[in-house]
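Going by numbering that gives the first Met the number 0, the letters in the sequence shown line up with residues 0 to 720, in that order.
Honestly, the hints are just simulated from the structure, not real lab data. Accuracy of the hints is not assured; some may be wrong.
Claimed, not checked - Have a look at the derived ranges for each label pair, beta carbon to beta carbon: (1) K6 / T138: 37 to 45 Å; (2) F451 / K471: 23 to 31 Å; (3) A702 / K520: 38 to 46 Å; (4) V551 / A702: 29 to 37 Å; (5) N307 / K435: 24 to 32 Å.
Every value quoted in this text rests on a predicted model; they were computed, and no experiment measured them. Note that the Cβ used here is the ideal one computed from N, Cα and C, for glycine as well.
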Amino acid sequence: MKGILKKIAQINFGLLSPENIRRMSVTKIVTPDTYDEDGYPIEAGLMDPRLGVIDPGLRCRSCGSKGGDCQGHFGHINLARPVVHVGFADTIHKILRSTCSECGRVLLTETERIDYGDRIGSRLKNEESITGLVKAVYTTARRDKCPHCDTEQEDVKIDKPVSIVEGNYKLTPSEVRERLEKIPEEDYVYLGINSKVARPEWMVLTVLPVPPVTVRPSITLETGERSEDDLTHKLVDILRINQRLKENMEAGAPQLIVEDLWELLQYHVTTYFDNEASGVPPARHRSGRPLKTLAQRLKGKEGRFRSNLSGKRVNFSARTVISPDPNISINEVGVPHMIATEVTVPIYVTDWNIEDMKKYILNGPNKHPGANYVIRPDERKIRVYDETKEAIIEKLEPGFVVERHLMDGDIVLFNRQPSLHRMSMMAHEVKVLPHKTFRLNLCVCPPYNADFDGDEMNMHVFQTEESRAEAKSLMRVQEHILSPRFGGPIIGGIHDHISGAYLLTREGSAFQEDVVFQMLKKSQLPLPKPRNQEWTGKEIFSLLLPKDLNMVYKAEICRKCDECLKQDCKNDAYVVIENGELKSGAIDEKAYGAFSGKILDSIVKEYGTDRAREFLDAATKLAISGIMKRGFTTSTADEEIPREAQDRIEELLSRAEQKVEMLIEAYHNDELEALPGRSLRETLEMKIMQVLGEARDKSGEIAESYFGMDNHAVIMALTGA
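The task is simple: from the sequences and hints, build the whole structure.
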């Protein structure tokens with residue numbers, strides 16, 4: 000292998016000149032036919048063997064390589080008349096609008112030329128962008144008269160996609176090219192053109208490059224017929240019209256026919272570059288399907304950049320549907336058994352772990368935890384089979400690498416698309432479980448914006464010790480409880496966690512010993528003696544809190560009374576925690592909910608993420624146990640109000656309707672006074688909205704007075720669940 004001869008320092012983008020197109024071409028393409036009767040490519044046709052080969056048996060006539068090794072070579076078509084490149088139509092329009100139609104110079108005064116020239120030169124010297132300055136030149140250089148030759152300038156417009164109109168006259172591509180050729184080279188810099196790699200007239204094509212066969216391969220159908228690529232179809236159209244145009248020009252055909260064919264050639268070249276250009280009907284197959292031409296190959300979600308270059312499939316990853324599991328920790332992810340046996344972790348064999356590695360190899364690829372591959376020190380990879388595992392174990396020694404199955408405790412990266420912020424990718428610890436979905440703790444749904452209606456998520460398995468260590472210290476879920484966006488917890492209790500915690504800790508909740516044992520079993524908390532015969536919910540919840548935690552805040556259920564009664568609050572909304580003991584107040588969303596948990600926020604900041612994770616795991620399990628013991632259902636009966644309340648609401652709405660009718664009547668009789676800065680109609684609308692708004696609020700208050708905190712729908716609404 001030869002050493003590196005050159006190092007690429009930078010890449011400059013420019014335009015291809017007609018000479019460059021011819022120079023890089025291996026042949027001129029003249030015939031629109033592709034294959035002869037025997038199925039061989041025709042010379043000087045679009046499948047000429049000099050353009051590269053795709054059939055395994057053929058050799059490229061340009062480089063001598065076989066199909067698969069040959070990268071392909073460009074050809075060219077000499078166009079009978081120039082055509083505008085659709086990609087540069089807007090740039091051509093801006094250039095023509097900013098330059099003189101007679102002398103070709105940029106329409107800037109001498110003072111402006113010196114000023115812009117100095118500023119652009121300074122930017123280029125410092126390798127800074129000149130885009131803003133060039134934009135300013137295009138704006139300044141729109142004049143009715145040339146400052147250099149005093150020629151009156153007509154308005155230049157673009158008729159999408161490629162037609163340039165000056166005054167009332169439509170310029171032909173030849174005239175556009177002539178106008179661009181007039182521009183002196185010293186004026187290029189004002190137009191943002193680098194004269195070393197581009198000239199404005201090259202934006203009007205006289206020679207069309209023909210891409211290699213490898214870019215547009217033909218396929219053989221089951222019937223034995225060949226089916227050509229969309230680009231080849233388009234190039235056939237261009238060649239046919241180009242040939243007809245040349246023949247008509249040579250035969251001295253009427254100008255009208257020549258112009259029609261020229262227009263048609265322009266259409267085919269435009270749709271060859273972009274088949275979705277505005278103002279042009281797309282070129283279609285006989286079936287009616289639009290052709291997929293050059294721009295469509297590159298742009299959009301299915302294009303070359305987003306689909307093939309940015310978006311890739313990678314090894315050591317897995318994807319499946321997610322489902323909830325309240326029994327695993329927030330740091331964990333439940334991984335299906337079949338994924339755990341397929342995706343592997345490379346482990347270096349040492350004197351300390353060699354016996355474990357032998358056990359994994361002995362289990363083989365089908366029994367968990369097993370091993371799928373062994374890599375020898377010479378980097379040769381050996382697949383573990385039931386027949387060969389004994390022989391592999393005998394040869395195993397330090398220096399080998401064993402690719403073992405995923406096991407409980409392994410660190411993996413978990414991701415849900417779209418990845419919109421940092422917490423869309425976090426590190427979890429594996430928990431191998433049966434069935435075929437990833438299992439996720441419900442507290443971790445908000446940062447991923449995940450729900451369980453069919454969402455899929457990706458898992459990536461780290462392949463080096465360094466990446467595992469970094470992920471464990473920087474990317475674990477517990478390190479991201481607080482969001483960088485608003486500084487509060489983004490991971491926390493949701494839905495049933497909130498309802499369960501409220502029902503557990505609200506005033507009057509008390510539990511017998513056997514129920515408490517059942518509830519605390521999952522949370523694995525020590526059980527102190529009760530103060531009375533029974534345990535209160537507040538005593539049980541206090542077991543989760545750090546012993547020196549002190550807090551006072553108003554819960555989500557606070558009704559914002561005119562006078563706060565604090566610990567005597569009838570809604571139990573005044574939360575007081577003293578030395579880790581919940582003295583008063585009910586626990587709801589304000590305590591440990593995602594986006595608003597005050598207790599959770601305080602624990603993260605004062606006691607660290609490990610303690611916060613312990614609290615969140617235990618609190619959610621306790622809440623779920625509590626709600627399962629008590630039961631929690633809701634139905635339409637929860638929203639029903641007695642007849643008496645309905646009558647009061649109907650009377651209220653009837654009075655509001657009467658007020659609205661009076662307002663409308665006053666408006667029609669010109670008796671309504673306009674509010675300052677408002678028209679009469681706006682005043683009427685505002686007053687009607689005010690009356691109806693008051694009626695709605697009062698109706699809500701009436702309905703609410705008939706609903707107590709024993710109503711499950713009310714509990715869900717007021718606690719933030």
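Here is what the structure says about each hint:
no.	hint	verdict
1	K6 / T138: 37 to 45 Å	holds, 41 Å
2	F451 / K471: 23 to 31 Å	holds, 27 Å
3	A702 / K520: 38 to 46 Å	holds, 40 Å
4	V551 / A702: 29 to 37 Å	holds, 32 Å
5	N307 / K435: 24 to 32 Å	holds, 29 Å
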